[in-house]
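> Chain by chain, the residues:
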Amino acid sequence: MTYDGETDEALIGRYAGGDSSAFEMLYRRHEMRAWRYLDRNLSDQAAADGLLQEVWFLIARDAEQYDPGTRFRTWLFSLIHTRMIDSVQESQRQAATEQAADTSTAAAGHEPLIALNDAIRQLSREQREAFLLQMEGQLSIDEVARVTDSTFETTKTRLRNARAHLRELLDQPA
Amino acid sequence: MNAEAEPSSSRQEDVDDKYRRLSALAPSRPSVWVRRSVLAHAKQLVAERAIRIGPAAAAHVADKPMPVTTEIQSTAEDSAPAWRRRPAIFGAGAVLVAVVIALVVSQLYHDLKSPTALLTPGSPSPATAQQPIPPATETMSPTTQAASPAAQATSPTAQATSPTAPVISPTAKATSPTAQAISPTAGTTPPDAPAATLPPR
Numbered sequence: 001m002t003y004d005g006e007t008d009e010a011l012i013g014r015y016a017g018g019d020s021s022a023f024e025m026l027y028r029r030h031e032m033r034a035w036r037y038l039d040r041n042l043s044d045q046a047a048a049d050g051l052l053q054e055v056w057f058l059i060a061r062d063a064e065q066y067d068p069g070t071r072f073r074t075w076l077f078s079l080i081h082t083r084m085i086d087s088v089q090e091s092q093r094q095a096a097t098e099q100a101a102d103t104s105t106a107a108a109g110h111e112p113l114i115a116l117n118d119a120i121r122q123l124s125r126e127q128r129e130a131f132l133l134q135m136e137g138q139l140s141i142d143e144v145a146r147v148t149d150s151t152f153e154t155t156k157t158r159l160r161n162a163r164a165h166l167r168e169l170l171d172q173p174a
Numbered sequence: 175m176n177a178e179a180e181p182s183s184s185r186q187e188d189v190d191d192k193y194r195r196l197s198a199l200a201p202s203r204p205s206v207w208v209r210r211s212v213l214a215h216a217k218q219l220v221a222e223r224a225i226r227i228g229p230a231a232a233a234h235v236a237d238k239p240m241p242v243t244t245e246i247q248s249t250a251e252d253s254a255p256a257w258r259r260r261p262a263i264f265g266a267g268a269v270l271v272a273v274v275i276a277l278v279v280s281q282l283y284h285d286l287k288s289p290t291a292l293l294t295p296g297s298p299s300p301a302t303a304q305q306p307i308p309p310a311t312e313t314m315s316p317t318t319q320a321a322s323p324a325a326q327a328t329s330p331t332a333q334a335t336s337p338t339a340p341v342i343s344p345t346a347k348a349t350s351p352t353a354q355a356i357s358p359t360a361g362t363t364p365p366d367a368p369a370a371t372l373p374p375r
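Those sequence lines, one after another, are chains A and B.
Numbered according to the numbering used here, the first sequence spans residues 1 to 174.
Numbered according to the numbering used here, the second sequence spans residues 175 to 375.
Check the hints yourself; a few may be wrong.
Said to hold, decoys possible - Every beta carbon over 12 Å from chain A, so not counted as near; a handful from chain B, in silico:
| # | residue |
| --- | --- |
| 1 | E187 |
| 2 | L196 |
| 3 | Q218 |
| 4 | L219 |
| 5 | A266 |
| 6 | G267 |
| 7 | V269 |
| 8 | L270 |
| 9 | V274 |
| 10 | A276 |
| 11 | L277 |
| 12 | Q281 |
| 13 | L282 |
| 14 | Y283 |
| 15 | H284 |
As the list claims (entries may be wrong) - Residues on chain B that point at chain A, a partial pick, calculated with CB under 10 Å:
| # | residue |
| --- | --- |
| 16 | D188 |
| 17 | K192 |
| 18 | R194 |
| 19 | S202 |
| 20 | P204 |
| 21 | W207 |
| 22 | V208 |
| 23 | R209 |
| 24 | S211 |
| 25 | V212 |
| 26 | A221 |
| 27 | S280 |
| 28 | D285 |
I should point out that these hints are in silico values taken from the structure, not numbers from a laboratory.
Quantities reported herein were computed from a predicted structural model and do not represent experimental measurements.
All C-beta atoms in this analysis are idealised placements derived from N, C-alpha and C, irrespective of residue type, glycine included.
Throw the hints in and build the complete structure from the sequences for me.
Written as structure tokens, this is what we have:
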């Protein structure tokens, strides 16, 4: 059965009703973006994998409690963001920073990509999270503000600054 | 203002486009084992939920009050004995009334017979004495004759329990006024009065 025309909200509803193929469709739709959000924030593929798994386990578990009034994508990235913050606090962040060097080495041969990763890493945590939530999560400013527990204006400023900073960094000659 | 806003907006879009373009080049992907474990976990949860909900739903249904249709059925079942009981009560009452009437009338006749015998001692003709005493119901000519079929209809217990209970119950009700009509007659009749009902010699 194909669910191409189905919305995320309909799919999670189907899964809550016992249709596991709807969950698979939902997972495949958001897998890459969710993972990139984690990977770009943590600069750690293994940590991103672990958190991605944790978050989707939570979604599978709480599918029945899903509020249809909330956009699924907002719920997903809210869970990802919260879990990521917890994880970072748990691991004292230093470990993630150490592993960032390994990621850069692993991406050798893809210079533009390394530049992008470096540029994103140079953003402040708040700017990076807001920017990635909008780019990977495809969330509106209002949704980003809710996920990051910030005001609309603060989020808007963060996003503007993040883009300005990235442009500078990416425009720099290698 | 607009002139400043437009380049600013277009520059933002440039950054976004650049980000998307470079992201698409990224060879890194989430591990396959993550996908496998997530999907397997999701399937497992669905299976567990189905098992858990299955018996739970059955227990829930058992605990719940009966659905409306069953309730209606149960109400009908409860009311059916009431229907059956009501005519039985009326029937029994009617039988009781008939027995009482019979006793009263027979007593009345017995009393009538004795004073007559006393009044005309030694001269009661055997014919008079032997004259067949009409049954209690027959003595009450128009009223009792009208009531007698009702009393006959209600007196058999079998009819009281017959399935045509609603038909019986009004009949049984009809007997009680008849009985009331009879009993005052019997009750108010003075001991001397029945002598007048005796056939003339």
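> Looking back at the hints listed earlier, which ones does the structure fail to meet?
1, 2, 3, 4, 27, 28
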